[in-house]
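*Asks:* Here the sequence shown is numbered in our numbering, starting from 1 and rising by one per residue.
Hint data in this document are derived by calculation from the structure and do not stem from the laboratory.
Because the structure is a prediction, the values reported are computed rather than measured.
It is possible that some hints are incorrect.
To be verified - Taking lysine to aspartate or glutamate pairs in the EDC-like style, the calculated list, with each CA pair at most 16 Å apart, reads:
| hint | residue 1 | residue 2 |
| --- | --- | --- |
| 1 | K888 | E855 |
| 2 | K19 | E41 |
| 3 | K91 | D34 |
| 4 | K73 | E3 |
| 5 | K395 | D213 |
| 6 | K646 | E483 |
| 7 | K161 | D213 |
| 8 | K263 | E426 |
| 9 | K772 | E708 |
| 10 | K900 | E910 |
| 11 | K43 | E87 |
| 12 | K416 | D213 |
| 13 | K420 | D226 |
| 14 | K91 | E164 |
| 15 | K418 | E708 |
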Amino acid sequence: MLESYVTPILMSYVNRYIKNLKPSDLQLSLWGGDVVLSKLELKLDVLEQELKLPFTFLSGHIHELRIHVPWTKLGSEPVVITINTMECILKLKDGLQDDHESCGSSSTNRSATENTKSSMKPRRIQQATPTDPDLPPGYVQSLIRRVVNNVNIVINNLILKYVEDDIVLSVNITSAECYTVDEFWDRAFMDISATDLVLRKVINFSDCTVCLDKRNASGKIEFYQDPLLYKCSFRTRLHFTYDNLNSKMPSVIKIHTLVESLKLSITDQQLPMFIRIMQLGVALYYGEIGSFKDGEIEDLSCHTKDILGSTPGEGEIGIDVQYPTQYKTPEFYAQQDDEQSQGWVSWAWSFVPAIVSYDDGEDDYLGNDTVSALHQHKAQMLKDPIVSIGFYCTKATVTFKLTEMQAESSYYSPQKVKSKEVICWEQEGTTIEALMMGDPFFDCQIGFVGCRAMCLKGIMGVKDFEENMNRYDAEACFFICGENLSTKGLTYLTNSLFDYRSPENNGIRAEFILNAAHHKETYTEIAGMQRFGAFYMDYLYTMESSGGKAPGNQQDLPSAKSEDLGNIQEKSTKSLVVGPLDLRLDSSSVHRILKMIVCALEHEYEPYSRLKPDIVDENKSIPNTEEIATLEEYIPTRLTCVTILKCTVTVFMAEFNLLGHLLPVIMGEKNSSSFMSATNFQPLRPLPSIQILVDKINLEHSMPMYAEHLVHTVSSLSQPSDNLLHNCYAHCYLKIFGFQAGLTSLASKGTHCLPVPLIPSFSIAIYGKLLKLPMCWTKRSQVPLNEYIFELPNLTIQATRAQTLLLQAIYQSWSHTGDIGSVVNEALMTDIFQTSGVKSKNPLPTLEGSIQNVELKYCSTSLVKCASGTVGSIKICAKAPGENGKEKLIPLIQGPSDTKDLHSSKWLNESRKPESLLAPDLIAFTMQIPQSVDYCHNSGAVLLANVQGIAASIDPVLYTWLIYQPQKRSCRHSQQQAMGTVPHVMPVTRKKEDEVSVGSMPLAKQQSNQASEYASSPVKTKTVTESRPLSVPVKTMMSITETCRSPEERMKEFIGIVWNAVKRLTLQLEVQSCCVFIPNDSLPSPSTIVSGDIPGTVRSWYHGQTSMPGTLVLCLPQIKIISAGHKYMEPLQEIPFVILRPILEEGKIIKNFPMIIIFLYFFLSYILIFG
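Please model the complete structure; the sequences and the hints are all you need to start from.
*Replies:* What follows is the structure, encoded as structure tokens:
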């Protein structure tokens, strides 16, 4: 009968995971149609072996298990498995942090497991003996396939807990149901056919609650925090595509989950624990913990012979785990086997329904035809399937809360935790997609359509956004990025199982891009922004052979030759794009952000991975020519690209500044409740601010994937090539395009006035590289440890005196200096922000300075620090109102400038071209300083510099710009300052007294915050923390030692240090003449000459104007300083460099001073011409 075929399959799964079951009782219950099992214990060792997770099960219980088998309608109704109340407790495996077990103990456990399997096979074969010879094998196979494909699993009250140190993470799902659906995703009894090789399933999760609490030393949770996630429901769609009816494994697997609304809540106590859980996931992925160690690799080699040739057991599917292959070596692949290839994500394969059962024992009752068919397609089972995993969320909200202890009215009443919302993060259209095909290909894409962050209620006693404040919603929102989901549409669901336009929902087999080059061409920054709009990240890892093809499956690798594996090329690329964003930094947002940072740092958790000390192996072998040639051909690297588009940052004047006054509160040393009734917040309007706009920011970072192995190999070479040396560095490129800044003001209605430009648009570029494992390069003194290059083509800054006063006021509002109310008044705001369409009666002069072609380079080796650079030109001029409303340009400083013979009147009659168009760079220098004093005795510091001529004009307009003062009259700023009780300014003397008193106070007497005491757990973590030393006693001891010495001794020591540096200094300095013009009236530059040419302006006034103001011309000397015996060198050298200098005897240093100073001329003339 059918029972003889179906019962062994069901019994095998139940008996495999549940302890102490009697197969005879279970068989009789199943034949009756229903079975009910209570108070069951799970086989934890079997779960750990099958799931291969980096966790171990502390306990696992099932309260009730129900199995319903409709024997009379087995071909049309599903088998229903119901689990009522299942609870499992997990923790991180001890072997991941301590030493792993030896090879012998592991093989003993493995042998015991294999003996258990072999002992079950005779019983299963006997039970599976067919009793009805009329049932053909094909019918049995088809029936079993239909039963397995339509099994319904229902779990009521699923409880999962994870414990680590003082962290308790619990997940409670009220109901989870998995069932088969049709092409419209409706519940149905389905089966795959030759025309439709697709199977679809749906999993519905109802009321998922996630809690994160802190336990004490005894393991008890004293205070329960608010749930991270409360009663969230979501659904998962699974889509399996098979190549044919006899395929044991789907060729394409899609698992996509959709959440309509996700509301997360994180308190200040939960934030460090939440970050700890996130760090655990990152450490597991990158193999920082849980990766195979040396002992584990030996363990694999011990069992290779025993495992090869065996097939997976029941419920085991021979699929490769997605270990990060960037931490694997060819030797590691040679020791892989079928069983060990399953890994931490193999739990996902449990959703994959098999057409037939997978154990060897099933071959006896499935028939010879089935067995032969399975063996024919065994190669297909070993083929890696294409797996697509996706998570989609329509709207997500994350709320950050601050907690404080609150006692009840009764003395004996327990304390309660009260939380208050301070920050809310809203996000729309979130997508997380992962596409993988074994180890050769892995891609992860993350994006969202739009997001924003808002301030809620109050922070540290300042009720800035309470309900009774009646403030605009736009004022509460301090971060906006991307677009709205209503305008963008459902682009975040593109090609998902929830997209009606996807190929799977239209009966078409989906095509996947599994080629790195094609992937980069398709998923560009533009394509990512078109789909999302706010944020897009694409992480791509590929592993290809030198011929351009991906290597075979891991099961095939043991048979491959080791020399073939050396040609595998790995690539890792991360691309992040951030869309247009607007960040507003005011008092409310800054205080909330800093408070979150402080809360995140309040923990004593030991990091999962520590940086290995740089151990130099003196006995390392020199690589052969083949290994060097392989490295020259290809070196695997990790590349990260970050792009920010259209960034706007607005820094407002501080409406309230508690950063200094309430710093102990932020650090959790005092109770903030004392400030709750001490503040009365009053917003300042209009509120000035600095607005920064950037068109694009591009950051690229690259580093070798296997830095330790590469550096040890290259550093052992006597003359490594430039290519190998280049790849031993971590490189970083930063480019900023279209940076500009200006002043703006926020009105009382929440609107901004037009920005007043301060810095016009400019671009900069910065490059830096850092040598990996510098301890390996101690014998290579000329190899740079780090190097930085800075390039600035052009920078212009312009401002009136009123604008500088406002900038000073904004700075003082954040630095606790100055009186805001007395500086920022209505007249100052009126002079800066002109009303549109209204001309000012007395426009203020504007100073404008520009610098061009700046190139700086810094480099350091184990012996010296070097710097070199050039400055193309500098110009400073003033723009003042002229006649008929025209603006006149008055040059003040110009460099380089032709300052030859300016002390005489000859140059007035000459025709000279502007020096700025033909002269070399204004400044060119190279400087080199020894790292240590020992090296300084052998080779001193070197300074090579060349400065071209500079012309300056001290014009009276400069005095007009400096003496500006705003009219003193009453304004809303000073009135509101008097109304509020929050101090904007902290007296400097009082601040110093507070710092000393806090630093010198004993730790036992310092007042502590109750919430912070609650945050610290009595659980002894693995981190060994040291008490922070106080700085006051150290300074006191230093002052005592200094006072013991007389001033003469200190001066004598200082002179000795300076003299030792001077006598070993190689100096080459050449400064051209600088000329200063001092007119008694303004000398604006005519429009007929080059802007900013001061000598040309004076010459033009001398010849073309009717009257020229009297002008004093001061010519400073031309200076040349060169060390004795030093040969002239170009001032711009390639660093680091070696300079040869003669050896001078100590006794001759005083007689022959090692400097030659030349003053060419010094003239002072006064030119006074009347028209």
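*Asks:* Are K772 and E708 close enough, with their CA atoms no more than 16 Å apart?
*Replies:* Distance ~8 Å between K772 and E708 Cα, so the pair holds.
*Asks:* Within a Cα-Cα threshold of 16 Å, do K73 and E3 meet the stated pairing?
*Replies:* Satisfied, since the Cα-Cα distance of roughly 12 Å is no more than 16 Å.
*Asks:* Can you confirm whether the C-alpha distance between K43 and E87 stays at or below 16 Å?
*Replies:* Holds, because 13 Å separates the two Cα atoms, which is no more than 16 Å.
*Asks:* Does D213 sit within 16 Å of K161, going by the straight-line distance between their CA atoms?
*Replies:* holds (11 Å)
*Asks:* Does the structure keep K900 and E910 at a Cα separation of 16 Å or less?
*Replies:* holds (12 Å)
*Asks:* Is it true that the CA of K91 sits at most 16 Å from the CA of E164?
*Replies:* Holds. K91 to E164 sits at ~6 Å (cutoff 16 Å).
*Asks:* Check whether the Cα positions of K91 and D34 lie no farther apart than 16 Å.
*Replies:* violated (35 Å)
*Asks:* Could you grab the alpha-carbon distance between K646 and E483 and see if it respects the 16 Å cut-off?
*Replies:* The given pair, whose Cα atoms are some 13 Å apart, holds under the 16 Å limit.
*Asks:* Keeping to a limit of 16 Å between CA atoms, is the pair of K418 and E708 held or broken?
*Replies:* The given pair, whose Cα atoms are some 50 Å apart, is violated under the 16 Å limit.
*Asks:* Can the restraint linking K263 and E426 be considered satisfied, given a maximum Cα separation of 16 Å?
*Replies:* holds (9 Å)
*Asks:* Hint check: K888 vs E855, CA-CA at most 16 Å. Holds or violated?
*Replies:* Not OK: K888 and E855 at ~32 Å, beyond 16 Å, violated.
*Asks:* If you draw a straight line from the CA of K416 to the CA of D213, is it 16 Å or shorter?
*Replies:* Within the cut-off at roughly 14 Å; holds.
Checked against the numbered hints listed earlier, the structure breaks hints 1, 3, 5 and 15; every other hint is satisfied.
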